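Okay, here's what each chain looks like letter by letter:
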Amino acid sequence: MTNKFKANTLDVVPPRLHLFSTIGESVRIRFLIVLQLLLFAWQFSPQLCTNGDNAKYLTLGKALIEGRGYRNIGEPEAPVEPQYPILFPALLGFAQLFSDNYIFPKIIIAIIGSLAVVLCYLLYRTQPNHLLWPLLTLVTTSGLIAEYSLILMSEIPYLFFSLLALYLREKSLDKPSSGLIFWLTVTVSVMPVNCRSIGLAFSAAWIIDNIWSKHYRLALMHAVGLICTIAIFRSFVPSDPYFVQLIQRNSYDPDAGFVTPAEMGTRILQNLSRYGGILVRGALIPFAHNLPPFVGRILSTLSLGCIIIGWLRAFFIPGKRFVGIYLLLYAGILCMWQPQWAGERFLVSIIPFLYLMLLYGLDALVSFFDPSVPRPPGDFFSRLSSGTIAPSRYHTPLTVWAAAAVIMAFNLDYGLVNSGKRKEPTPDWRNFYSCADWVRIHTPPNAVVMSRKPELFYLRSKRKGLVYPFTHDVEKVIATIEEKGATHVVHDNFAWSATTARYLYPAIAAHPERFKIVYALKDPDTFVLEVLPK
Amino acid sequence: MNVLLFKRDAFFYPLLFAAWGAFILIRYHSYSYYNAPLPSVSAQMNLTDAIGKQQTITKNIEELQKSLGEEKDVVERGHIEHNIGTAYYDNYKSLQRGDLLDSAQAYYEQSIRTLSTVARFYYNLGRIFTERREHLKAKANYEKALQLEPNHVLALHNLALLNFYELGNRDTAKALLEKALAVKGDLPICNYVLGEIALQQGRYEAALEHFRREVNSFSMFSGGRQSVPVSRSAMNFAASKSHLELAILYSTRFIDAKHAQANFHAYLRLEPDPQRRDAAIAEMKKYWVVKDQ
Numbered sequence: 000m001t002n003k004f005k006a007n008t009l010d011v012v013p014p015r016l017h018l019f020s021t022i023g024e025s026v027r028i029r030f031l032i033v034l035q036l037l038l039f040a041w042q043f044s045p046q047l048c049t050n051g052d053n054a055k056y057l058t059l060g061k062a063l064i065e066g067r068g069y070r071n072i073g074e075p076e077a078p079v080e081p082q083y084p085i086l087f088p089a090l091l092g093f094a095q096l097f098s099d100n101y102i103f104p105k106i107i108i109a110i111i112g113s114l115a116v117v118l119c120y121l122l123y124r125t126q127p128n129h130l131l132w133p134l135l136t137l138v139t140t141s142g143l144i145a146e147y148s149l150i151l152m153s154e155i156p157y158l159f160f161s162l163l164a165l166y167l168r169e170k171s172l173d174k175p176s177s178g179l180i181f182w183l184t185v186t187v188s189v190m191p192v193n194c195r196s197i198g199l200a201f202s203a204a205w206i207i208d209n210i211w212s213k214h215y216r217l218a219l220m221h222a223v224g225l226i227c228t229i230a231i232f233r234s235f236v237p238s239d240p241y242f243v244q245l246i247q248r249n250s251y252d253p254d255a256g257f258v259t260p261a262e263m264g265t266r267i268l269q270n271l272s273r274y275g276g277i278l279v280r281g282a283l284i285p286f287a288h289n290l291p292p293f294v295g296r297i298l299s300t301l302s303l304g305c306i307i308i309g310w311l312r313a314f315f316i317p318g319k320r321f322v323g324i325y326l327l328l329y330a331g332i333l334c335m336w337q338p339q340w341a342g343e344r345f346l347v348s349i350i351p352f353l354y355l356m357l358l359y360g361l362d363a364l365v366s367f368f369d370p371s372v373p374r375p376p377g378d379f380f381s382r383l384s385s386g387t388i389a390p391s392r393y394h395t396p397l398t399v400w401a402a403a404a405v406i407m408a409f410n411l412d413y414g415l416v417n418s419g420k421r422k423e424p425t426p427d428w429r430n431f432y433s434c435a436d437w438v439r440i441h442t443p444p445n446a447v448v449m450s451r452k453p454e455l456f457y458l459r460s461k462r463k464g465l466v467y468p469f470t471h472d473v474e475k476v477i478a479t480i481e482e483k484g485a486t487h488v489v490h491d492n493f494a495w496s497a498t499t500a501r502y503l504y505p506a507i508a509a510h511p512e513r514f515k516i517v518y519a520l521k522d523p524d525t526f527v528l529e530v531l532p533k
Numbered sequence: 000m001n002v003l004l005f006k007r008d009a010f011f012y013p014l015l016f017a018a019w020g021a022f023i024l025i026r027y028h029s030y031s032y033y034n035a036p037l038p039s040v041s042a043q044m045n046l047t048d049a050i051g052k053q054q055t056i057t058k059n060i061e062e063l064q065k066s067l068g069e070e071k072d073v074v075e076r077g078h079i080e081h082n083i084g085t086a087y088y089d090n091y092k093s094l095q096r097g098d099l100l101d102s103a104q105a106y107y108e109q110s111i112r113t114l115s116t117v118a119r120f121y122y123n124l125g126r127i128f129t130e131r132r133e134h135l136k137a138k139a140n141y142e143k144a145l146q147l148e149p150n151h152v153l154a155l156h157n158l159a160l161l162n163f164y165e166l167g168n169r170d171t172a173k174a175l176l177e178k179a180l181a182v183k184g185d186l187p188i189c190n191y192v193l194g195e196i197a198l199q200q201g202r203y204e205a206a207l208e209h210f211r212r213e214v215n216s217f218s219m220f221s222g223g224r225q226s227v228p229v230s231r232s233a234m235n236f237a238a239s240k241s242h243l244e245l246a247i248l249y250s251t252r253f254i255d256a257k258h259a260q261a262n263f264h265a266y267l268r269l270e271p272d273p274q275r276r277d278a279a280i281a282e283m284k285k286y287w288v289v290k291d292q
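Protein chains in written order, with numbering that gives the first Met the number 0: chain A, 0 to 533; chain B, 0 to 292.
Here are the simulated DSS-like cross-link-like pairs (lysine-lysine), alpha carbons at most 30 Å apart as the crow flies:
1) A:K475 / B:K183
2) A:K475 / B:K71
3) B:K183 / A:K533
4) B:K92 / A:K533
No lab work stands behind these hints, which were simulated from the structure alone.
Note that this is a predicted model, so its numbers are computed, not measured.
If we strip away everything but chain B, and leave its shape as in the complex, we get (with noise of 0.2 Å):
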């Protein structure tokens, strides 16, 4: 009789687990693997505000410090020192402390220590000496980047900015900006930069054109999507200037009242400080009768 349970319990088993299915069945008949999403925080948050919180940034450090206590690959170990260095700035970007920025530098140059064949290792620490106002260095750092990826946008970026307003190399700025460029047609800034140079050469059309191009990348940038991590506020500056120096060109060599009106409040509504748009609307007085509004 016991030989074979199911011979016995032919109809026990198949109905118990019938039940039992379709209890399960009735308890969870409402359940639905699929629901709502949760509602967002803000949909229109700041990548940098968000990633770069303070709590976030310190568990990554610790984190990729409990990475490098680990690793022993000599290129994993220098990125990794790299990544920590990054995370370090960030923190300092937020917070404005310097024993942040002397950490972000000590891990940038142990991570040159130890791989010294990544350009991007070199662009940064070149990020750091700029911040520091340690030109000379970050200049060194920069050249570094380009020798070993020349076409390393970002150092050609940096670069030629700090050989333009730092170091007054304006020959070394423009052939480094156009080349910058030949790179990436998008790059913010270059323009702005090349406007200027062109402007201090008397090069007044070749100026309008790079101011146009700097104000036509800015807004296509506008909607977030840029193509290379450059600073919101410098961008802003250089499409600013830009809309002042088209309205300036607008009405003093190109008459053209209704671009240089355009322009002028372009610039108006993206420059943030009060005394420089008195400043600007001082000076357009010179050239055409500005309303109050």
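For reference, chain A alone in the conformation it holds in the complex (with noise of 0.2 Å):
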């Protein structure tokens, strides 16, 4: 089967690999689909992520198809949420019209991370066969697109509307004359932004690629919409969270004040050796066990080179400059972010990207290395990036087949041995989830509970809460208590956080009198405590 695309990508189309060559694409992408739902059923679980940023969402959400605005309804002054955009909780809202237990929400997630894969394939389709099909397997196997596609968080659907605006535009592109096609193209292409902050880099590579490539209307009209959409969203909320946090020296201490030019090139350069040295292979390569580190360090050096050449290929390859753009300012804004964030979590949204770029860097250095290949002109440096290098018969499929059959294996074990860890909660949180249960049914419906996960409590126990403050001043905690008029406090015994321990305990010392234990377990040793009246 002859694809008429193929010939618009690199200079000379490399052959097909026998492997499929007798199988439609078709049915390829359609075994890819159930393979990764298939991937999904085993990894599913009904339970929360225990992130609370899911819960969160899920709150704004409800509130939403309640008619109670874009507010935090789980604190106690129900205040307008200033930070989070508002596609992703609106889309959750919806689908809790449909269930009080979250696993139809979830349902819808997974599937939207299914389509990306079709997105995927839709975009990169041109590409040859050797990068494509590995393309797409790495992304239908890809351990944290599972695991992110099944816990409710915005980087699924942010990833499913970047690969949807790139879609349209290809299609505006390919018929100017539909004005249908180009306004939807439009309104797409602000959903990213709408969807989560750091999509500022996909409007911003949008706009730049649009007039590098002279598609002034598309830039303009994406400019224009971006504008609205954010002045609507900042008309109700004039302050902006992100911003602040992204020049603060630590949003956990607010008195520590703002960053200046000089930390935050350090900053700069601590997010740099994060991100290249653990992080994105941690994104690419998932380890599911304890490996010696020589090998994190090689798989990191090794994938990180090839992303680096890959993406200076990417501003050679004709229609792929996008990808550069938006790579560089999404690592821009990365780099700025606090160090203590910095995780993989923020890398998921562009794991189609990095494996795109992974493997045209796999593919130019197999390339240039294999001495049948004809070489272009230039110096090392140019004929390295260059777009126009062409595979040789055998070996560099071979090559890129082999390396992505190794990140597969890596992926799949992540997935399959993650998936168990998701399914029952810990002890810590099992105890949580059970104070939780004894406030919702112990407690009147004006009670407000302050806790470690405020907001995981609230979905849990249906009561109002609020965060401690982050002070090792009793008073100022006591004070909190009294001011936002808490009526019970879960004093946890949480594995991953010390704060209740630093925070809330010395409080509770400090004052015995102002607090009673009404519900207690242990392993670990979790309480409910009244507050008592002055």
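Starting from two chains that each stand alone, build the complex the way the hints lay out.
Encoded structure:
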């Protein structure tokens, strides 16, 4: 089966792999989607992930469908949400119309995750087979994409809208006379930034690339849409906590002030080292087991090297410049972010692009060192990064597939091992949730509970709540209890956080007369304390 | 044909996703996000016993010390040092080991060197010296706390008791207790001590009133709702002694057998020491006939 689009990518069209030469592309992609859904089903857990952001999205969605506005109804004063863009909570709000145990919203997000693979195919179907199918296989089996497709976080919808916008742009440019596709493209292109704030990188890349390519209408209309949506959102909430967090030294210690230019430079270097050294590899090739450190270092070096070569190459491959600009801007924002928040999570939304760059880089390297491949003119650097390197008939596909198979094995292992961990809560979370169950049954509906994870506690207990202030001044903690009208306090024993021991325990120990244990659990010790009147 | 996948697969993918969603819904149809709470360890658990458990306190001390290593802000460091001192002091109260009291004192003193403007730090150091029976040092610290926060009700309370029981300054104790009660009317033990002072001064009606207030506030707090962190055994002692004094007053000065009897029975219920109970019965036999029960 020939594909007329293949000729538009690399200058020399590579031969098809024998393995799939008789199987239609549609059947292959169906196979991949079925495989992905099987993996999702294996890893699916009805439990809510414990990171807290998901609970906040669900609460905001619930507020929207109940007609209470874009408000944190889980907090005592139900303030307007200033931070999270509205699109993903609205999506979850819609999904909650059909279910009250959060399984249906999870199904919706998982399907969006699968659709992202289909979009990857549609977007990169013009790539040579030895790049396209390894790419799709890697995206399908990615441990992190599977994980985030099943935990109600905004990364996967963001990825979906990004890919959809890029695909529609391709369609719009293909059919410039179609106003419908044009306006649909513009509408979808502003969705990423309204799904996650880091979508600003997407918008900036969109504008730059379209201006560079002389598609001025797309750039202009996107800018108008972007300004309108941000202006509408900010008209309700003037302040932008993300911007403040970007320039704060430490958001957990607001009194520490703001970073100086020199500190920002240090922060960027720290983040570069962290992402380059560990996190990019962790997102693309996650480890489920403890491996010798040298394995991680070697894989980090190889993957990062390939990504950098692939990224340079993207600027020379027709139609792929956008990805190069986008990754550059995205990395720039990540590097300015506070180092304590650096994590693989922020890379989930760009995993397909990173895999693509990795494969471009690998393809370039193998072809570069293959004597049978004709070399383009130019120096070493330009030859390596050239978009016109022709792959060999045998070595390049085999090497790319071998690398993809190794990466896929790591991802499958990660997904399967971690799925078991997500199905049952750990003892500290089991007790925390049991406290929420107790509070839901034994306290009045207007009770206010202070706990380490008030968003998750609210969903389970249906009682408003707040987190204790992170201060060692016990009087400030007590004053917050008074000010917010907290009626109960949860003294947890989380293994992953020591803040209760650091901040809440001293307040209780200093004022035992203000608290009374009303519910207690062992292994680990966890308490619900009633706040007594003065 | 391959340009738009959905043309060809318009039915396949919706059906596939619907089937997958249905499978998940059926697989977890019995799952409920909301569960019954696990059985509680004890409905009437004492806060100090529970939170002050050895394991919990050790973890808390470790975490606070980690915080101290990371914290650069002087004010926060002072609070952390003080909180570590309090954790050691709680540990001392459950284990009664001298080295824990030494650690508590060291951290309290360090916190005062770091941040010298918080009354609570001096008050807690004063408690350590009271525990060590170094009354003059305790007094100095309580007074320093009161300089910084004149209405620090616990410093007023402890300084008053120190003056009354250990230093013999009855008038100073009386003034401090009256000030403490003006700040917090339901402060435990104060009325008992004021009653004793009134008895010593021969003001029997005032004594009767103070003892009555003491037992009333104790009955209010006996459900666990105390307004300040005063030792429960001390509150119990003050209430039982107040009942005994009331029984004697109703038997000798304000003849009222019914109230005398009720108060004496209340005393017998609260007094844990059998020897003291026997001594009280012997005392009361001077005034009226006491049944064996």
